Structure formats: structure tokens, C-alpha cells
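Asker: One-letter residues, chain by chain:
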Amino acid sequence: MNVQPLQDAAAIVGIGQTEFSKNSGRSELQLAAEAVRAALADAGIEPKEVDGLTTFTMDTNDEIEVARSVGIGDLTFFARTPYGGGAAIGVILHAAMAVASGVANCVVVYRAFNERSGRRYSTGVSEPLVTADAIHWSWYMPFGLLTPASWVAMYSQRYMHEYGCTGRDLAQVAVSTRKHAVHNPNAFFYGRALTVEEHQASRWIAEPLRLFDCCQESDGGCAQVIVPARRARAMKAKGALIRGVAQAAGRDQENMTSFYRPSISYLPEMDLVAKQTYAMAGLAPPDIGAAILYDAFTPVVLWQLESWGFCSRGEAKDFVRDGNLELGGALPCNTHGGQLSEAYIHGMNGVNEGVRLIRGTSVNQPKKNEHVLVTAGVGVPTSGMILGQL
Amino acid sequence: MMDKAELEARLSAYVGTTTGPPVAAPDAVNEAMIRHWCEALGDRLPVYTDADTARQSVHGGIVAPPTMLQAWILRGFSMASPSDEDKDAQVEVGRLLAAAGYPSVVATNCEQEYLRYLRPGDRIFAETVFEAISGQKATALGTGYFIDTRTTFRDERGESVGWMTFRILRFKPNQVPQAASPAPSTSQKPRRLRPPLGHDNRWWWEGIEAGEIRIQRCKRCATLRHPPRPMCGTCQSIEWDWIVSQGAGSVYSHVVMHHPPVPGYDLPLCVALIELDEGTRLVANVIGCPPSQVRIGMRVQARIEPADDELRLPFFYPAAT
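Those protein sequence lines, which keep their order, are chains X and G.
Under this note's numbering, think of the first position of the first sequence as 1032, with each following residue one higher.
Under this note's numbering, think of the first position of the second sequence as 78, with each following residue one higher.
Keep in mind the hints are simulated off the structure, nothing from the lab.
Here the structure is a predicted model, which means the values were calculated and not measured.
Cβ coordinates follow ideal geometry from the N, Cα and C atoms, glycine included.
Mixed in with the good hints, there may be bad ones.
Stated by the list, open to error - Per label pair, the in silico range of CB-to-CB distance:
1) X:Ala1361 x G:Pro383: 52 to 62 Å
2) G:Pro250 x X:Ala1265: 53 to 63 Å
3) X:Glu1193 x G:Gln323: 34 to 44 Å
As the list claims (entries may be wrong) - Calculated lysine to aspartate or glutamate pairs in the EDC-like style (CA-CA distance at most 16 Å, straight line):
4) X:Lys1398 x X:Asp1318
5) G:Lys266 x G:Glu387
6) G:Lys214 x X:Glu1248
7) G:Lys214 x X:Glu1050
8) X:Lys1210 x X:Glu1193
Bound-form chain X, shown alone:
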């Protein structure tokens, strides 16, 4: 018997976020504190009850600074998860492990940044590097492969070549996602639809990726409150049960530039996350009612559809053509508008939407919401989870 101590052990009982903007006008620490406060209020939990905090290594807000700001007292657990947006569910995994093991009783996960008005990720590694992986970037910097879009574009070109995927197929992802944002007042693209033709007419960023294949840089913060499932069941706020959760790095993995594997047309690390998560949850692709697939760029949605078994290798382009990602489709996806059209908060706005889907409170609520998949960043060591009804 395969023992899965984390299966159904923890639940997300509160979600919080700031507004999403191009210029928050305040510090990243304030955004973090506001998001944490909002998540605690949603859960109906006092700051002094929190004993664990966790975030991304890329976050500039120290756990203890956030704790002081919000009035959180003693901490018995703190941890960080590396690799950019790949950490989005990794932080949930750490929080779930902490509350399941009794190291902590109430962990808040947060992520907040001024990624548009402050340091923009589109500057990539063109700014002076202070990180330990500077040597890694030396293989790309002198040649001008400097930005997240450029790294994803390298995989995309090969994938499109191997499977006959076209720019119009990528447009399907952008258009379906935008349809959801049109109804979401929190989204940058609220009320503004997109057509395939507009996508195709948009300018190149890193060919084969166009402007509308890319998310928008954003300021904002998000947070979630994680407690043991048995406690969540007794709480007033409706919680989302963590059925399965995993993180993984694949063989011969690089940070965004795993160009040296026999094939670069799929995501070995996301395949592994999927395998682990399904095994822990005891679920399979047909059980998933809706999905939040990390979508910093359109092609990464296609690869994840394949990793999570919603279609076969190379067939995602056909899957997305028939409106399958929209409400009423086979897999309603990124119902908040995704990072392409709501905001890019490093995947954490997707976690909040995943909880809303379970609660039945999304502005684009699908009928089938027994189980909801949420994934993290692509091209990096990554993570994912399946949420279920408590």
C-alpha cells in the first residue's frame, strides 16, 4: 500500500490579494502585508494565530518583516522555494508539510512585488547579476538570449516545428483566456476581448512569440492561509482541500534553459509533478473539472496540457482549437483570465482562483468543480496541486 501522508492532510482556508496594477505606489512589503491581512480576514483567523510563513526565494519581503508588519507573533516554521514562478505551488507544498507534520498549525503563503514599476523581469539578465548562477547565464548573455520570452521562444520554435503547431494555435490560448478576463473586474483586460486576427497582427517580441503570447508585467500581492484539514472542516470559511501536491526538477534541468536534453519539446519536470500529484490524490485527468495552468506565455499552456494527460504529446494544438479551454469546454482553464489577461503575480493569483473555483465563487464558474488543478512556472523546476472539496 502506497502511503501518502500529505493526501487530504491540509486545506487552503483563506485567500487574499491586493489590486493588480502597473504602479502600486507603495512598497513591496506593504503589498505583502496587505495580501496576508486580506487572506487572514477571509479565513477568519487572527494574525497572532499564525505560526508559519513561506514565500519564494525571489521575494524581497523577509518572513520576519511581514510578521512584524501584520502583527504575527512567534514563528515555528519559515522556508523559501526557489526557481521563480516554479515555486508557486512549491510554497503550498511546504506549508502543507508543515501543518501535516505538526511543525506549524497555521501557515501563510505570500508573494508580493512591484514587478512593473520596480525591477521588471523583461529586463531578464541584462542587468548586473548578483546571483550564484551567474555562470549559467554566461552561456546566453553575450548572444542576446536575455529575457524570459526569449528562453521560452527557443523551446517553442522546436515544439512548433516538431508538431506542426502554428501561431494561430498559440492565439487560441490567448483568445480563450481573454474571454474569461472580459468578465473579471480585477483583470487588466476587463471588458476588452481579443481576436485571433488581433493576436496575429501584434508585434514580435521573441519570434515565434508575439506581444499577445506574453503576460503583462504587474505590481501586486497574493496570499493564502493553510491549516490542517481537520481544523479546516470546523471553520466557517469554506476551504479547499489539498488532495495532491508535488514539486519536481527534471534530469538535466537548467533554470529556463534546459536546451541540452534529447528532446526540448516537452516538460520532464512537469510530467513528474503530474505523476506525483495524481498518485497522491488517487485521481486521473478525467476527474479534473477545471484547471489553472501557469501561463506566463501561451505555448507553456500547450505543454502542460500534455504533461497532465489531457491530450497526447503534440496534440495540444488540436485540443485548444475546439474551445476546450473555455467555459463549457472539456477543461475550463484560467477562468480568472490567467496571467496573460488578469495579471502576472508569479502564479499566485492562479492559486487564489483555484480556491474560488472550489468554493464556486469564480466570475466564470464552471459547473464541474469537484477537483481543480493548479500549476506553477514552466521551464524551471516546478510544482502543482489538485484541490478538492473539503
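Starting from the known structure of chain X, fit chain G onto it as the hints suggest.
Answerer: Chain G only, in chain X's frame:
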């Protein structure tokens, strides 16, 4: 100075209101103004200026160019110095924003629709409504507020003949570099980013200086590896040397960089993942043909050439066939 909340509350009070009573065109639609307009714009369509041709056209007489719509109600030079008696709320909003620190203005969008042709003798009336005033926005020009108006144009019977939406940005200009600050040296062209060098990659770049593309090789099991690593992932040996690549290979994948511009890199720039014939891959630029002609599978040959006066790089050219 009033705070942001107060300013925004005062601005939002305008939304949905008219900018003032309907404005009557000072002159009826007339052939002289039509002729001046057509001359100024070089529009030679005869139905605007030639009575005989116009009579035989579908219009049965001279009509005004539809794009003159707004021209009939513009107030001319008096616009430049609005007086205090002026009742146009657009002027009030402009003063309010200027007083709050947003003195500059730029028109950003205009859309018009024409519902019928105007004919000499038509009298035009225009009424303008504030459709929307945005929250504070940071733009490339500066921080400010977008103001959307919608103007409906009617004839003397009160029937709508067209409409126009207009968006302006009233903003606080971004600080521009002071003229007094020393001008950047123009003698030196911006250069490409230098590879950070360390124990695990310096020897490879020294190879480039020596005119070689080196490929790290495990001394124990002879596995080739690139990018280099301090230990062999196959047999865990830390003993290694290198072979020198012949520089021949094929394009495994490629990207054409268009945006954002980074000093030192001429765009569009093809960055390719090259599969060397020795079996390892590396990232480098393909030059010697337009980026649009680079294809997966294309044969390429490396040459080590200066990228600038200091840095040499491997560049790949389409292989001679």
C-alpha cells in the same frame, strides 16, 4: 495642493455630465469652407467642389467631406485663450488637473462615425459628454489621467449626423535628463554584455580567445558535456579535458529577438541552439543571412570573430553548399 483621493472624487463627479450646452456651428455647411478644406488636404474628389459633376452623382449635389465633421464646430483662435466666462467644463477639468500638478496634455485617441453626408445649408450642433475619466495611470510620458469624451453631432432637425469619441491624457511630465548633465560619450558604441567568468567557465572563454570552440570531455568515460560542469554526470569523475570542435553543425532551434532593445545588440537578432556535429549543443548567433531565412535543420559553420574591440564570440554562418 489637494490629495489624490480628493482630486479623483472631483474628477469622477464629471463623468456622465455634459461639458456645457450644445455648441452651434458658427457657419452653416458651405461651399467655401469645403473648398478650403479640400485644397488643404489635396482631396480632388469632384463631388465636394464641382457642382456639375456632383449633380450627376448619387448625391445629386455638392456634399461635404465626412471627415470635416468636427471642423464645422471648431471655434478657431478663441480656443487658444479660453476666458473666465467660458462655460466649457473641459476647460474646468484642465484647470483642476493643472492645479493638482498635471499641467501637460496630449491627445491619444479619436474615433468618428458619419451617419450621413452633410450638404451646404446644414446647420450643425454638437453636444459633448464626459464618458470616462481613468484612475491615475503611469505612462511613458508621465503620470496622469485619461479623459474620454463623446460628442454627438446633430442637424437643425435634431437628427444625429455623426459622433466622435476623443481621449486626452493630462499628465505630469516625467523628468527628462538635464541639458547641463554631461552628455554620454558617443565615441564608444554600446557593447554586448560580458560573460560572468568563474572557475567552471573561464577556460572555455580562453578557448574562444585562442580561436577554439572547446567541448569539455570526461577523462574517465569520455562523455562530452556542454555547458561545462565540474563533475561528470555519468561517472562522477572530476578529471576532465577538452576537445576542439570543428564548428560544423545544424540549427536545432532558433529565436529572433525583436524586443526589448538592449544596448549592444542589433535587432532583429537570430539566436540559435546549434547542435554541433560532435553531439553537444550550444547557443550562439546565426549571421550571414537574414534572421527570417534561418530554419531548423539548416547546416551552419562557426567562425570566431570580434563582437567588439574586446570580446570575441563564435558566430555561425550558413554552411557553403
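Asker: Indicate whether the distance between the beta carbons of Ala1361 of chain X and Pro383 of chain G respects the range 52 to 62 Å.
Answerer: holds (55 Å)
Asker: Given the proposed pairing of Lys214 of chain G with Glu1248 of chain X, does the C-alpha separation stay at or below 16 Å?
Answerer: holds (15 Å)
Asker: With the threshold set at 16 Å, check whether the alpha-carbon distance from Lys1398 of chain X to Asp1318 of chain X stays at or below it.
Answerer: The given pair, whose Cα atoms are some 13 Å apart, holds under the 16 Å limit.
Asker: So the hint says 34 to 44 Å: do the beta-carbon atoms of Glu1193 of chain X and Gln323 of chain G match that?
Answerer: Between Glu1193 of chain X and Gln323 of chain G, where Cβ atoms are some 27 Å apart, the hint is violated.
Asker: For the pair we were handed, Lys214 of chain G and Glu1050 of chain X, check the Cα-Cα distance against 16 Å.
Answerer: holds (14 Å)
Asker: For the pair supplied as a hint, Lys1210 of chain X and Glu1193 of chain X, is the alpha-carbon distance within the 16 Å limit?
Answerer: Not satisfied, since the Cα-Cα distance of roughly 29 Å exceeds 16 Å.
Asker: Check the following: the C-beta atoms of Pro250 of chain G and Ala1265 of chain X are separated by a distance inside 53 to 63 Å.
Answerer: holds (57 Å)
Asker: Given the hint that Lys266 of chain G pairs with Glu387 of chain G, does the C-alpha gap stay at or below 16 Å?
Answerer: holds (12 Å)
Of the numbered hints listed earlier, those contradicted by the structure are 3 and 8.
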